[in-house]
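Those sequence lines, one after another, are chains A and B.
According to the working numbering, the stretch in the first sequence is residues 40 to 380, in order.
According to the working numbering, the stretch in the second sequence is residues 40 to 380, in order.
Rather than coming from a laboratory, the hints here were simulated on the basis of the structure.
It is possible that some hints are incorrect.
Since the list gives no way to pick one copy over another, a pair counts as held whenever it fits inside one copy or between any two copies.
To be verified - Subject to a maximum C-alpha distance of 25 Å in a straight line, what follows is the list of computed SDA-like cross-link-like pairs (lysine to any residue):
{"no.": "1", "residue 1": "Lys-350", "residue 2": "Leu-274"}
{"no.": "2", "residue 1": "Lys-69", "residue 2": "Gly-193"}
{"no.": "3", "residue 1": "Lys-309", "residue 2": "Ala-349"}
{"no.": "4", "residue 1": "Lys-93", "residue 2": "Gly-228"}
{"no.": "5", "residue 1": "Lys-249", "residue 2": "Pro-184"}
{"no.": "6", "residue 1": "Lys-69", "residue 2": "Gly-228"}
{"no.": "7", "residue 1": "Lys-69", "residue 2": "Arg-147"}
{"no.": "8", "residue 1": "Lys-181", "residue 2": "Lys-249"}
Note that this is a predicted model, so its numbers are computed, not measured.
There are 2 protein chains.
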Amino acid sequence: MSEKLQQTMFEAIEEELKKQVSRLDQPHTKPFYEMLTYHMGWTGEGAGSQAAGKRIRPLLSLLSLSSVDGNDNALEWLRAVSFSAAIELVHNFSLVHDDIQDNSPLRRGRKTVWVNWGAPMAINAGDALFVMANQSILDLLKYYPAEMVVRASGMLNEVCLQLTQGQYLDMSYEERNDLKMENYWPMIGGKTSALLSLCTQAGAYLGYAKEERVELYRHFGYHLGLAFQVQDDILGIWGDETITGKSVASDLVEGKNSLPVLFALEQNGKFAKRWQEGPITQDEVNDLAALLEKEGGKAYAEKTSADLTAKALGYLDQAAPQGEAGEAIRGLANMLLKRKQ
Amino acid sequence: MSEKLQQTMFEAIEEELKKQVSRLDQPHTKPFYEMLTYHMGWTGEGAGSQAAGKRIRPLLSLLSLSSVDGNDNALEWLRAVSFSAAIELVHNFSLVHDDIQDNSPLRRGRKTVWVNWGAPMAINAGDALFVMANQSILDLLKYYPAEMVVRASGMLNEVCLQLTQGQYLDMSYEERNDLKMENYWPMIGGKTSALLSLCTQAGAYLGYAKEERVELYRHFGYHLGLAFQVQDDILGIWGDETITGKSVASDLVEGKNSLPVLFALEQNGKFAKRWQEGPITQDEVNDLAALLEKEGGKAYAEKTSADLTAKALGYLDQAAPQGEAGEAIRGLANMLLKRKQ
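Hey, can you work out the whole structure from these sequences and the hints?
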């Protein structure tokens, strides 16, 4: 039942995204337009649902809206579909730039935009996606009072500034070897949680939830993001390669400042000593993952993730999402938090 | 008299820009904040009025507003100062990304952001400036009805999309040797004219000018941008080095697809032949500038610039800007169009 709702929403989101991106479908700029449709997973080599991704963020935003009492009707969430597209466009703008910044050759199994068209074009493609995010949210004016559109746009841009802050911290940490666990939270807060909190916060707001309830939705999304990221850190070191599609412990080789690693650095044991000596090679990665587990990094991260999950679900209970959409949000949260990949 | 008004506006713009950018002045992100204050010309080596630039775009926007009948009062334009800051932030976002894309080491005589902090950080710094542009324009809500804020934000983002289109064309032209003059106009329309037309259009709109008059202001700004760019092309080849600060004919060495060059390519004479053989060296640049002049490239561009200037000033006359601000706009337009540098 709830799967059918999600499928209907997914299709509406895709249609809206295509409409928004088609702003560049003009005679002079066809190849530019194709960079964006390629990145969105619609065209080019390997196009298809795998390349497009699950659109979890826009889904979460529409489900949040729809789960506010009295909105259990497609006509309600359809009015906000351009807002959900804005969120997905922000997400994709950040991915396109992130791939350049991290020098990542692949995204969802396909060549990244900068690999195909060069970094200068990819910077510009990311910029265009961000512009379109702002245009999409303004399209709410068709169904919402202007005051609410301005407020929603304010929420979106506040979160975008947090994204750039998280990105800054992530990049600046690469050169540091004095990091503590306290440095971890503002980074993932900006990089992961901010956008998820926007989905639930602005979703509830556009569903005409009361201010305090909007705050509960926001807290839910934020903690969902934190829990999700910590779990991602665990999978990046101890995940099942056949399921995650990434080589096991790849985060160790990449030198990622994940929570288990920062925990071990504060313990200042054997793992910390080896970590500070320089990059870890693929040969030693299994031994080091085992060492990190022995020194408590895995258990600590699992406990933290469990605590954050409980907190997120606690906020969700208080937010009291209703009906089929409410069920779907719970399902989505459980899927994200108990995922093996 | 009009100079005092411009100075007062300039100071208000600087103060507003500092306020907007200070959103990043937070404990975790001090060095990130400093990238932006450096780029804006306020801090770091070589900081000062030379580094900050003249803020022509925000000035033009406030003058446009102030020149609409009945707005000849500082209290009127002060209400829109966050909009003028938004325009300057968009301009600077595009400069930061442009410098990465063009591999430019210097901007206003100082090292560019990417040279100082690396391209990944510079991409992120540009992104933050763009976010702040969107936040600045939403701050209009303090003094304007929400409907007008949404409309102004829509105008801004429409122009930003045109900026990315102009940027795409500019970059894509680098690899082409079949360009015609017709390819020139959409490129500079997006890269130069769009933002200038936003200054005058949205300025008049926020000054409560009637719809048809807003359009006249927009046309004025757009043609001002076209005329300005063609003149810039002329100066980039035949400018006085001691005034422009660039080495003479440097645009020829850089292979820039300027209007005089595109004219000569369509003539298919000696210049075109040499141009198509590959990059031009510093040694031959004076001879080639003379050849280009002989084949009519300079005269054509001068005629075009004069026509566009007349058109711009014609629209300005129809827009009928009033009072001290009206005088100042005329002064600013003349300064831009008759400049030697």
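Can you give the numbers of the hints that this structure goes against, from lowest to highest? 3
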